[in-house]
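**Student:** As given, the protein sequences belong to chains H and S, one line each in that order. In terms of the working numbering, the first sequence is numbered consecutively and its last residue is 336. In terms of the working numbering, the second sequence is numbered consecutively and its last residue is 693.
Hint data in this document are derived by calculation from the structure and do not stem from the laboratory. One or more hints might be untrue.
Said to hold, decoys possible - If you anchor each label on the Cβ, the simulated ranges turn out as follows: (1) Lys300(S) / Ala52(H): 39 to 47 Å; (2) Ala151(H) / Pro507(S): 33 to 41 Å; (3) Thr320(H) / Ala308(S): 53 to 61 Å; (4) Ser245(S) / Thr32(H): 17 to 25 Å; (5) Phe37(H) / Arg301(S): 15 to 23 Å; (6) Ser245(S) / Thr320(H): 56 to 64 Å; (7) Ser242(S) / Asp318(H): 37 to 45 Å.
Owing to the predicted nature of the structure, the values given are computational and were not obtained by experimental measurement. Here a beta-carbon is modelled for each residue, glycine too, at the ideal position from N, C-alpha and C.
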Amino acid sequence: MADTSTSPLTASRRFGPGSFTPLQVFRSYAVAVMILLLMTALSLMSDSFLTTQNLINILNQNAPLAIMAAAMTLVIICGGFDLSVGAGFSVAAVSAAWIALHVSPTLGLALAPLVGLVLGVINGLIITKLRLHSFLATLATGLMFRGIAILISSGKLIAVRMPEFTWLGRDKIGPVYIAVLVMIAFAIVLMVLLNRTTLGRKILAVGGNEEAAILSGIRTSRIKILAFAITGLAAGLAAAISVSRVSMGQPTAGAGLELDAIAAVIIGGTSIYGGRGAIWRSLAGVFMLALINNGFNILNADPFFKDFTTGFIIVVAVAISAIGR
Amino acid sequence: MAEPETFVRLINVGKEFVGVPVLKDVSLDFRAGEIHALVGENGAGKSTVGKIAGGYYSRTSGELEIFGERVGAWDPASALARGIAMMHQELQLVPDLSVAENVFLGIEHNARGFLKRNEARRLADIVEICGFELDPHARAGSLPIAEQQKIEIMRAIARDARVIVMDEPTSSLTADEAERLHATMRRLRGMGRTVIYVSHFLDHVLAIADRVTIMREGRVVRTSSAADETKASIVSGMLGRSDADVAYPDKTRSEAERATPILSVRGLSASTGIRDVSLDVHPGEIVGLIGLVGSGRSEIARAIFGADVATAGEVRIAGIPYPARTPAASIEHGIAFVPEDRRRQGLVLTQSVRPNMTLPHLPFFSRSGFMRRRSEFDRVKELIGHLGVTPGHVDGAVATYSGGNQQKVLLGKWIMRDPRIVILDEPSRGVDLGARRRIHEFIVELARKGAGVLLISSEIEEVLGLAHRAYLVHAGRVVGEVVPEDTSMDQVLWSLFHAGDPSGSHRSA
Numbered sequence: 012m013a014d015t016s017t018s019p020l021t022a023s024r025r026f027g028p029g030s031f032t033p034l035q036v037f038r039s040y041a042v043a044v045m046i047l048l049l050m051t052a053l054s055l056m057s058d059s060f061l062t063t064q065n066l067i068n069i070l071n072q073n074a075p076l077a078i079m080a081a082a083m084t085l086v087i088i089c090g091g092f093d094l095s096v097g098a099g100f101s102v103a104a105v106s107a108a109w110i111a112l113h114v115s116p117t118l119g120l121a122l123a124p125l126v127g128l129v130l131g132v133i134n135g136l137i138i139t140k141l142r143l144h145s146f147l148a149t150l151a152t153g154l155m156f157r158g159i160a161i162l163i164s165s166g167k168l169i170a171v172r173m174p175e176f177t178w179l180g181r182d183k184i185g186p187v188y189i190a191v192l193v194m195i196a197f198a199i200v201l202m203v204l205l206n207r208t209t210l211g212r213k214i215l216a217v218g219g220n221e222e223a224a225i226l227s228g229i230r231t232s233r234i235k236i237l238a239f240a241i242t243g244l245a246a247g248l249a250a251a252i253s254v255s256r257v258s259m260g261q262p263t264a265g266a267g268l269e270l271d272a273i274a275a276v277i278i279g280g281t282s283i284y285g286g287r288g289a290i291w292r293s294l295a296g297v298f299m300l301a302l303i304n305n306g307f308n309i310l311n312a313d314p315f316f317k318d319f320t321t322g323f324i325i326v327v328a329v330a331i332s333a334i335g336r
Numbered sequence: 185m186a187e188p189e190t191f192v193r194l195i196n197v198g199k200e201f202v203g204v205p206v207l208k209d210v211s212l213d214f215r216a217g218e219i220h221a222l223v224g225e226n227g228a229g230k231s232t233v234g235k236i237a238g239g240y241y242s243r244t245s246g247e248l249e250i251f252g253e254r255v256g257a258w259d260p261a262s263a264l265a266r267g268i269a270m271m272h273q274e275l276q277l278v279p280d281l282s283v284a285e286n287v288f289l290g291i292e293h294n295a296r297g298f299l300k301r302n303e304a305r306r307l308a309d310i311v312e313i314c315g316f317e318l319d320p321h322a323r324a325g326s327l328p329i330a331e332q333q334k335i336e337i338m339r340a341i342a343r344d345a346r347v348i349v350m351d352e353p354t355s356s357l358t359a360d361e362a363e364r365l366h367a368t369m370r371r372l373r374g375m376g377r378t379v380i381y382v383s384h385f386l387d388h389v390l391a392i393a394d395r396v397t398i399m400r401e402g403r404v405v406r407t408s409s410a411a412d413e414t415k416a417s418i419v420s421g422m423l424g425r426s427d428a429d430v431a432y433p434d435k436t437r438s439e440a441e442r443a444t445p446i447l448s449v450r451g452l453s454a455s456t457g458i459r460d461v462s463l464d465v466h467p468g469e470i471v472g473l474i475g476l477v478g479s480g481r482s483e484i485a486r487a488i489f490g491a492d493v494a495t496a497g498e499v500r501i502a503g504i505p506y507p508a509r510t511p512a513a514s515i516e517h518g519i520a521f522v523p524e525d526r527r528r529q530g531l532v533l534t535q536s537v538r539p540n541m542t543l544p545h546l547p548f549f550s551r552s553g554f555m556r557r558r559s560e561f562d563r564v565k566e567l568i569g570h571l572g573v574t575p576g577h578v579d580g581a582v583a584t585y586s587g588g589n590q591q592k593v594l595l596g597k598w599i600m601r602d603p604r605i606v607i608l609d610e611p612s613r614g615v616d617l618g619a620r621r622r623i624h625e626f627i628v629e630l631a632r633k634g635a636g637v638l639l640i641s642s643e644i645e646e647v648l649g650l651a652h653r654a655y656l657v658h659a660g661r662v663v664g665e666v667v668p669e670d671t672s673m674d675q676v677l678w679s680l681f682h683a684g685d686p687s688g689s690h691r692s693a
């Protein structure tokens, strides 16, 4: 099943066993339905919504979040949460800027994902060796990471206005932003990993039934550490793109990003109880959040309604996928 | 008001689940003060009848009469209010509350909303009625299943239930615990209460029930006095054929049996309570482990497989020492371990059949970390056909399968690569007769092909029926060895009860 999750017909089986009544398809694809409805509504309300430029911009702006949400999917399928990715993002961002300024811009960009990876491994080790719940462990490490970010930057902005540094976030190859390409490549790698590799099988098994996984000879701690490491790496990669785009490292960057990433995963329909989910769902979740944001900007609506509507639509999307379960 | 003769009556009751009929035109009455057993294969509708009486399912058609009155909408709360309590197969206790708090959950005495916290004292009255005792302050979740069931029974009595529906109450009990439950049921009957007893265990049914209703495919086959039925007559009624065979497959002795033991255990101890365990399993031999719940049967298996860390002792495979055991290394050595609880320890229910079956064998079905999907698909399909799993989809949602088919998937998962040693813990618990028969044939087939089989079961009869030899386990030790041909159930039970200190772990409750 894992390897067919990208095909619509079999993916719904995972959520509604064996049968494909309209309700079940609707339930399973709640996020897709909501996206279609939103796009239709926005196209009707504004001429500037359904333009290539606008859609490209949406993708480009949300590439960092999409990278983080795609990786967060693995942690959530594993039965965990990572509340530290926002802070990990900050550490990677200021590290990249600092290295860019003091050593080399390219090295700064290259090391950001590695910094994230190291933080992710630390999370994984704390969770598995100390047997802490990931929710608590990453809440705590998030605070520590935030402190490290402030330490590295001495609490100040680190401006890096060099083309060797800003290309990743700003340049295009042909008509497409490099950031979007990186996001797509990363998402494809994760999809292949989850659906085609033994590691993907193990991640799904650990989240679905840890006891059964252990008795099946799977070293579950190792799998969890890997999931957190990948999520950390993703935070670092996202930070590299962002810091390059704004050409400065800020210790406060990425605050709240962890919640956006988790929200996107859940909106997409990946189970918060672990054991099932798909990468494309989280990408769809990011896209839906982005559409709401974009719609309010285009329509120039009161920001009060934006938060309210975002919350409301999350409730609706999650409620649809919970019908009859 | 005079007591009505009939406590619960179903009149032409039908029940459908999303268009699929599970009960058809069922008319049944449960009389005052009787133990009335409902038997049938999985899916025959026996649990459904119990749940309709208890208010957990609504009927699609027909009438329900409770204590002589027709009732309309019927839910668990109104059933309980009228004196009908349900004891579920999956116990419904609050694990973190004490025994007493669980018994009186929802009917606590209070003064202006403040709890009086007198549950422990009130429990004494219940104990007197039940005839068994529990520590009122023990945490419910810390007790073994048999004790947890007692809480459910006390709970029903605390609510003054006149009808108690018991859905498979003995499925996780040992023989002696089941016997004690039966004693309680007799006491309840003696007080004029009615027990609706849903069970797979025909021996239990015949031993205790006054009347038996046999069900098949959602219909009542017949209701008769238990005294008029035999195991064979019930089985033929359940299966709808007269040549039903409840016997065990023939025991064939393999040639290889005199060779070196494929599995040899000496002096094995672990912190889980097993001490100085020694046993041998030869190729082609089925060896049983017989013991009561909590005797350490499963713990022995876990220590051999490497699921628990052993503190002393040695395990040899075909004569070669196998130290530093882990599940992964055991699988590589060709040991399979089918755990007792298929939902908690066996299957990943969020996934389909295919990834479940190949989970312990991922290196075998992959190349450089990527799944070889073709060979995986083919092998899973082959095993599904061989074991007769229905539905037979390679990517079927195993979570929705019946107990018997889930168990077949679990077996398939472990014999995927023809293991040399197969440890089976409760391989036929909670499965219907057809699947049970298939599983038994399969175990014999494994041995015939040369595997050494270690068989653990709460059903002594099952072990005696299948095994060539059996070890008796008591309090974490092997206390004897029997040859089934020369041994009766009674002898085995006698040995187990008199092993070690009889007053020790068998505190009469």
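**Student:** The structure should be examined with respect to each hint, and the outcome stated for every one.
**Tutor:** Each hint, compared with the structure:
1. Lys300(S) / Ala52(H): 39 to 47 Å: 58 Å, violated
2. Ala151(H) / Pro507(S): 33 to 41 Å: 39 Å, holds
3. Thr320(H) / Ala308(S): 53 to 61 Å: 59 Å, holds
4. Ser245(S) / Thr32(H): 17 to 25 Å: About 23 Å separates the Cβ atoms of Ser245(S) and Thr32(H), which means 17 to 25 Å holds.
5. Phe37(H) / Arg301(S): 15 to 23 Å: 49 Å, violated
6. Ser245(S) / Thr320(H): 56 to 64 Å: 46 Å Cβ-Cβ, so the 56 to 64 Å window is violated.
7. Ser242(S) / Asp318(H): 37 to 45 Å: Given about 42 Å between the Cβ atoms, the range holds.
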